[in-house]
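**Student:** Sequence:
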Amino acid sequence: MRKCYRCQSDMEEGFDIKVERGGYGIQIASNTKIFAKRIEKPKVAICPQCGEISLYVESLDEIKNTTK
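If you count by our numbering, then the sequence shown holds residues 984 to 1051, one letter each, in order.
Among the clues, some could well be false.
As the list claims (entries may be wrong) - Now the in silico label distances, taken between C-beta atoms and shown as ranges:
1) 995 with 1042: 30 to 38 Å
2) 1009 with 1034: 35 to 43 Å
3) 989 with 1016: 29 to 37 Å
4) 1013 with 1033: 28 to 36 Å
What the hints assert, rightly or not - SDA-like, lysine to any residue: derived pairs with alpha carbons at most 25 Å apart:
5) 1020 with 999
6) 986 with 1020
7) 1001 with 1014
8) 1001 with 1024
9) 1026 with 992
The set of hints was computed from the structure by calculation and includes no laboratory data. Since we're looking at a predicted model, the values are computed, not measured. Glycine included, C-beta positions come from ideal geometry on N, C-alpha and C.
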């Protein structure tokens, strides 16, 4: 369970982020090049008390393999 940095409440996890007017979301890439390897789609956690949002990835294995 993620904790809110602002108010220390338990955050609701597992939400998605979408680009307005698009059916697609965002992805994290291994570098800034146009054809960079896509690592993972980030998840969103929302604090029900203050509305703070947090972006996170669930699988850190792919990130650890990319940074070697």
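**Student:** Indicate, hint by hint, whether the structure satisfies it.
**Tutor:** Consistency of the hints with the structure:
1. 995 with 1042: 30 to 38 Å: Check failed, 20 Å falls outside 30 to 38 Å.
2. 1009 with 1034: 35 to 43 Å: At roughly 20 Å between Cβ atoms, residue 1034 and residue 1009 fall outside 35 to 43 Å, so the hint is violated.
3. 989 with 1016: 29 to 37 Å: The hinted range 29 to 37 Å holds for residue 989 and residue 1016, with Cβ atoms some 35 Å apart.
4. 1013 with 1033: 28 to 36 Å: 33 Å, holds
5. 1020 with 999: Holds - the C-alpha atoms of residue 999 and residue 1020 are around 20 Å apart, at most 25 Å.
6. 986 with 1020: 30 Å, violated
7. 1001 with 1014: 21 Å, holds
8. 1001 with 1024: Roughly 11 Å between the alpha carbons, so the hint for residue 1001 and residue 1024 holds.
9. 1026 with 992: Holds, at about 18 Å.
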